[in-house]
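Each chain is listed here by its residues.
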Amino acid sequence: MGSMKISELLSPQAIVADLQAKDKTRALAELTDTLIACEPSLSRENVIAVLQEREKLGSTGIGDGVAIPHGKLAGIPELKLVFGRSQGGIDFESMDGQPAYLFFLLIAPEESVGVHLKTLARISKLLKDSIVRKKLMDAVDQQDIYQVILDEEA
Amino acid sequence: MRILIVGSGQVGYFLCDRLSCEGHEVTLVDRDEETVERAQDRLNVMGIVGNGASAEILEQAGIKDADIFIAVTNMDEVNILACLLAREYQVKVLVARTKNIEYTSHKAVLSKEKLGIDLLINPEDAVAEELSKLACDSKAFDVAEFAEGQILFQGYRIEHDSPLCDLTLAELGELRGMYRFVVVAINRGNVTIIPRGDDVIQAGDRIYIFAPQQELPAINYLLKSEQKNPKANRRAFILGGSRIGQQVAQNIEKLNFHTKLIEKSEERCYRLAEQLHKTVVINAEGLDVPTLVDEGLADADVFIAVTENDQTNILTCLLARQHRVRRTLALVSQPELVGLAAELGIDACISPRLAAAGAILKFVRRGEIISLTAVEGSNSEVLELEIGKDSGLLKKPLKDLHFPRGAIIGAIVHGSKYEIPTGESLLEEGDRVVIFTLPEALQKVERFFS
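Line by line, the protein sequences give chains V and Y.
All letters in the first sequence, in the order written, are residues 1 to 154 by our numbering.
All letters in the second sequence, in the order written, are residues 1001 to 1450 by our numbering.
Source of the hints: derived by calculation from the structure; they are not laboratory data.
Keep in mind that the hints are not guaranteed to be accurate.
Said to hold, decoys possible - Below, a list of computed lysine-lysine pairs in the DSSO-like style, where the Cα atoms sit at most 27 Å apart:
#: 1; chain 1: V; residue 1: 56; chain 2: Y; residue 2: 1224
#: 2; chain 1: V; residue 1: 125; chain 2: Y; residue 2: 1399
#: 3; chain 1: V; residue 1: 24; chain 2: Y; residue 2: 1224
#: 4; chain 1: Y; residue 1: 1389; chain 2: Y; residue 2: 1444
#: 5; chain 1: V; residue 1: 56; chain 2: Y; residue 2: 1417
#: 6; chain 1: V; residue 1: 5; chain 2: Y; residue 2: 1224
Bound-form chain V, shown alone:
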């Protein structure tokens, strides 16, 4: 039951190198659309609802240009991850008042929240490193972003 690597949970198809959204609501929707494209069995409406509900308790924008929107959903077999990058930055109501550029969306099965927290911690730790953040911003495409994460976890 250890914690899985981010690169094992995230497929390259679930990476959006260039988010188009300009505000928080659209960013959540765009990330969700990517998730649904990979996991068509999920309900878009439900995913957005749990994410919004969590945001109401306090923004998941943790500062340094990073946001980790997350939520729990009943009846999904395993944890799902999506990565998104916005070149222009999006106001995510972060604590430091700065826009967010790097996004990890995480949806966890309601029944196993422990793994969810371990993954959240892993992501949070990875993105604390300013060098990693810079590499992710500089990566040229989807595959390149994936490679950055893969290398960091190697």
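Take the given structure of chain V and dock chain Y to it, following the hints.
Below, chain Y alone, put in the same frame as chain V:
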């Protein structure tokens, strides 16, 4: 400070222990030679055998130099008289324990003002207050507020299905960007530790956290302890219609609990029914489980057992747990039984004497320490201190200040802003800090900030 304590029962002994450990000069007076000797042998106190309400004995005990006088024998009259004597000797702070004297209601003939006593403490009132407070929260226990309610100190019991199980403290620390709280202590079995990064949270642990009030919804989401409608339709059962039971019922019916009180004496039931507004009074025995189940015990939110019998209280709490009552609280007078709570899965065992002693301790220590809470089941404490302008701690990062081992700063409050401290945090004049400390570090903490 020089402290004179009259009465070496549980309250007196507890106070002697704590206050002497904190470096105060404590003198104990009691008529019973044996208990005085026992205290003298085990604790760093001076003992005088004799009547605490006699001027001669008090002079022997050095009342002329005493700063604080605490009378906690089991006789109200002795305590009051002793305090009146101490007042004649110009002792600055007077505390008396009273059990049967009515002094709080507006009908009361006597009051602490009339008696000139600073604190009159009734153990039953103290315990009723504590139980009512504990009744309100679900998985959390030992809730205390600091910095005018901005910072909460809470204990959580970690169940097998808790999302925090198997998480290291370092991992939790990573989540601080989104979930701003700090785990300051873990109580496992009978040991309380201040955890480090590689410590792992396990099922059965009790963890203690500091969290800003406004972060609580997110933290409850994380800990899965949110209730769908926290304020609506909560159901409480109180077993035992003594003065304590009645007070708890009065307190929690105000908090909109649907309260049922079970009392075995029919006569007492009539009186209770007259005095309680919303509480339903039921005439039954505590162990009469079918009746309790008929009254809706199963899945109730809280069960509070406050009969005169410790065993009954503990047993009925266990029965209540079997019927999936979320929270069980037992009144327990025998000190040996207080520590059983955690092992048995009861949320808290509360003793009237310890509740009273805790209240006295808090009162005696007031001053620079703004508020203080004793952590149930361990001797650890939480205190809030203000940083004075002469403090040598200003403008230096915390990591350079050699903060005592065995204690941890949980929050720093700068005016209306708060901060979960890191090694880089700086203290400023007028800041308030909330600290968790194990008993052995308390004195060091007080020295550190003095």
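Original post:
For which of the previously enumerated hints does the structure constitute a violation, in increasing order of number?
Top reply: none
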